[in-house]
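Q: When you get a sec, could you build the whole thing from the sequences and use the hints?
Residue numbers (numbering that gives the first Met the number 0), protein chains in the order written: chain P, 0 to 325; chain D, 0 to 360.
Check before you lean on any hint, since a few could be wrong.
As the list claims (entries may be wrong) - Using C-beta positions, here's what the derived DEER-type ranges look like:
| # | chain 1 | residue 1 | chain 2 | residue 2 | range |
| --- | --- | --- | --- | --- | --- |
| 1 | P | ASP164 | D | ASN211 | 38 to 46 Å |
| 2 | D | ALA311 | P | PRO49 | 50 to 58 Å |
| 3 | D | GLU334 | P | GLY73 | 23 to 31 Å |
| 4 | D | ALA220 | P | ALA126 | 31 to 39 Å |
| 5 | P | HIS310 | D | GLU153 | 35 to 43 Å |
| 6 | D | GLU333 | P | ASP184 | 21 to 29 Å |
| 7 | P | ARG306 | D | GLU333 | 47 to 55 Å |
| 8 | P | TYR276 | D | ARG44 | 29 to 37 Å |
Claimed, not checked - Straight-line distance between alpha carbons at most 25 Å, and here's what the computed DMTMM-like set of lysine to aspartate or glutamate pairs gives:
| # | chain 1 | residue 1 | chain 2 | residue 2 |
| --- | --- | --- | --- | --- |
| 9 | D | LYS337 | P | ASP164 |
| 10 | D | LYS337 | P | ASP54 |
| 11 | D | LYS151 | P | GLU15 |
| 12 | P | LYS324 | P | ASP313 |
| 13 | D | LYS151 | P | ASP313 |
| 14 | D | LYS182 | P | GLU16 |
| 15 | D | LYS151 | P | ASP54 |
| 16 | D | LYS151 | P | ASP164 |
| 17 | D | LYS182 | P | ASP54 |
| 18 | D | LYS151 | P | GLU16 |
| 19 | D | LYS337 | D | GLU319 |
| 20 | D | LYS151 | P | ASP18 |
| 21 | D | LYS337 | P | ASP91 |
Stated by the list, open to error - A few chain D residues that face chain P, going by a derived Cβ cut-off under 8 Å, partial list only:
| # | residue |
| --- | --- |
| 22 | LYS113 |
| 23 | GLY142 |
| 24 | VAL339 |
Bear in mind the hints are in silico, worked out from the structure with no lab data behind them.
Just so it is clear, the structure is predicted and the values come from calculations on it, not from any experiment.
We put the beta carbon where it would ideally sit given N, CA and C, even for glycine.
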Amino acid sequence: MAELTYRDALRSALIEEMDHDRRVVLIGEDIGVYQGTFRVTADLLKRYGPGRVIDTPISELGFVGAAIGMAMLGLRPVVEVMTWNFSLLAMDQIVNNAAKLRYFSGGQVNVPMVIRGPNGAGVQLSAQHSQSLEATYAHFPGLYVVAPATPAEAKGLLRTAIRSDDPVIFLENAALYGMKGEVPDSDFALPFGKAAVARSGRDVTVVAYSRMVFAALTAAEQLAAEGIEAEVINLRCLRPLDTATIVESVSRTHRAVVVQEQWKPFGAAAEIAMRIYEDAFDQLDAPVERVTGADVPMPYARTLEVRAVPHEADIVAAVKKTLGKD
Amino acid sequence: MVQYVDTRSVKTASPRDLSRDELAASLEWYGKMVLARRFEDEAEREFRRGKIGGYLHVYSGQEAVAAGFLSAIRPDDIFFTAYRDHAHAIFRGAAPGAVMAELFGKATGLAKGKGGSMHLFDVAHGFYGGYGIVGGHIPLATGAAYALRYQKTERICLCFLGDGAMNSGSFHEPANLAGLWGKQGLCPIVYIVENNQYAMGTPVERSSAVTNLAGRFSTYAIDNERADGMDFIEVRRLAERVVRRVRETGGSYAVELLTYRFAGHGAADLFQPYRTKEEIAQARSRDPITILEDRLRAAGALTDEQVKRVHADAERAVTEAVRFAEESPPPAPEELYKDVYGARDEDEKTGTRDRGNTGTR
Chain P
0 MAELTYRDAL RSALIEEMDH DRRVVLIGED IGVYQGTFRV TADLLKRYGP GRVIDTPISE
60 LGFVGAAIGM AMLGLRPVVE VMTWNFSLLA MDQIVNNAAK LRYFSGGQVN VPMVIRGPNG
120 AGVQLSAQHS QSLEATYAHF PGLYVVAPAT PAEAKGLLRT AIRSDDPVIF LENAALYGMK
180 GEVPDSDFAL PFGKAAVARS GRDVTVVAYS RMVFAALTAA EQLAAEGIEA EVINLRCLRP
240 LDTATIVESV SRTHRAVVVQ EQWKPFGAAA EIAMRIYEDA FDQLDAPVER VTGADVPMPY
300 ARTLEVRAVP HEADIVAAVK KTLGKD
Chain D
0 MVQYVDTRSV KTASPRDLSR DELAASLEWY GKMVLARRFE DEAEREFRRG KIGGYLHVYS
60 GQEAVAAGFL SAIRPDDIFF TAYRDHAHAI FRGAAPGAVM AELFGKATGL AKGKGGSMHL
120 FDVAHGFYGG YGIVGGHIPL ATGAAYALRY QKTERICLCF LGDGAMNSGS FHEPANLAGL
180 WGKQGLCPIV YIVENNQYAM GTPVERSSAV TNLAGRFSTY AIDNERADGM DFIEVRRLAE
240 RVVRRVRETG GSYAVELLTY RFAGHGAADL FQPYRTKEEI AQARSRDPIT ILEDRLRAAG
300 ALTDEQVKRV HADAERAVTE AVRFAEESPP PAPEELYKDV YGARDEDEKT GTRDRGNTGT
360 R
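A: Here you go:
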């Protein structure tokens with residue numbers, strides 16, 4: 000065990016995979032000489048050279064598409080998008096090529112690539128740089144969608160992502176890069192589609208992922224002070240979704256709250272709530288509650304931004320609602 | 000009505016004598032071009048019979064372009080193209096039956112009936128696909144070329160694209176990458192612009208502000224040239240020269256080949272209001288198959304008897320392809336969920352056991 004930041008956990012996964020597998024290459028804007036906007040790739044150009052740490056022009060469509068072509072030929076590119084917002088420029092490549100190539104080629108090609116970078120809001124970057132795009136990508140068959148919350152998850156899931164034969168949408172979070180946590184030393188990997196129970200409880204199940212896991216844990220602390228024991232499930236992955244763990248928990252607590260940073264309509268929480276209804280309707284004592292971001296483009300002003308993203312208080316209120324205590 | 004660009008307008012090289020190798024290759028590829036043409040005629044017929052669904056884009060008129068280049072590369076080289084891809088697959092050695100079966104949506108098709116006309120793949124022969132979004136394959140081919148050099152091979156990549164694709168961002172962004180990487184010897188790719196003069200129904204001069212399409216590659220420091228795309232022998236000579244250069248230098252290169260699509264854009268393009276019958280007739284007077292036939296006859300290498308035999312062979316091969324496609328089974332129902340994710344622990348990773356994927360409870 001070593002204590003690492005989320006950033007260094009990601010970086011150590013890159014280093015270990017690059018050390019043992021020459022097929023792994025990094026590609027993105029300012030990841031080499033500049034060392035990465037969030038310094039996840041710091042120093043890697045010096046270690047591996049410009050053939051493996053490829054600085055690109057500002058050209059998402061071009062370099063994401065090129066990485067798909069590299070993957071088709073057997074490389075394992077890890078693409079950095081400076082933020083996931085910019086991935087929209089490469090959406091056609093991700094959706095129409097990466098996700099579907101194996102299928103429409105009748106299984107003749109794999110696309111073993113990772114696209115990684117920060118997703119979500121919270122640092123006053125306003126409307127164009129604060130989006131949470133997980134549900135958008137989780138909509139498409141052929142993609143994995145991963146959203147680690149802790150440094151250990153960041154490392155373990157990135158390892159699995161790099162070793163996967165499929166394209167992986169790897170969603171980090173700018174507010175988490177500096178967070179520290181224990182990370183196992185050895186050849187440590189976490190499987191996709193396996194959620195973690197971040198806190199056990201008997202009264203209500205709170206489902207969250209990425210940064211919202213910590214809001215849920217803080218809310219659970221506050222609720223505990225009032226005698227309400229919330230179980231917090233950290234999803235880790237949205238596609239595949241670990242429905243079994245959610246349903247098992249709800250079967251014990253009979254209540255559920257789903258938390259997401261993104262907009263409410265057609266979001267991840269809607270899908271998760273529906274899975275609960277499909278598989279555990281009879282177990283529910285109250286409707287599933289959703290805690291989400293405000294349904295507006297992200298405002299710049301700090302006072303407004305704070306109101307636009309979910310907080311512990313919102314989760315506490317939603318939990319109480321499921322318990323009829325609002 | 001726009002005046003179409005006569006494909007001879009850029010003809011530069013005067014015919015030289017055919018070398019022994021060229022003669023042998025030309026005879027072989029004459030047969031392949033006749034086969035591809037006959038295949039496309041039949042595909043159109045089968046489409047009208049309702050045997051082929053979706054879209055159908057035939058290659059008739061443009062054969063010398065793909066034939067010229069595909070005859071000039073090595074067996075381990077690779078290529079990408081767009082959706083007008085049947086002839087490319089056949090030229091590279093795919094069984095006509097497997098191509099026809101794909102168009103018929105059968106399990107024996109090149110892509111198991113899951114791709115269709117626009118997504119032919121034959122990776123064993125270096126064919127990395129047929130793509131349906133105009134220009135969308137250009138970034139892939141560019142990255143693939145980088146991978147070939149990264150893997151320290153001498154293999155090269157061909158990227159066929161249409162004149163219409165050159166106005167999309169998915170052309171410009173990878174072209175810039177190829178220029179940057181090519182300067183370092185890291186991008187052995189030839190972009191082959193099949194300028195058939197129309198992007199669907201919009202002529203080049205109404206869709207591209209600069210109509211010298213080859214010259215547009217200069218913007219990205221990619222050397223380029225423009226040539227007649229109707230004469231197989233000339234295209235092949237050019238291809239051999241260009242391919243050798245790209246293989247040696249690892250730099251990218253672009254060729255614009257002037258050609259003409261004899262059929263409509265797709266099967267739904269019935270009336271072709273954007274061009275006249277006279278224009279089509281004029282273009283057909285330079286049919287690439289006839290040009291090659293004439294040159295081979297002039298060289299004393301092709302007799303009436305041989306021509307008859309080549310056509311009979313093509314007829315037989317296409318008849319057999321249709322029979323094979325007709326008699327092949329459709330994909331098994333369980334194919335629906337296969338090939339979405341990698342084979343390893345597919346169920347666990349994809350959640351295909353979730354009822355959400357079956358659409359029923």
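Q: Please write out, lowest number first, the hints stated earlier that are contradicted by the structure.
A: Structure breaks hints 5, 6, 8, 10, 13, 14, 19.
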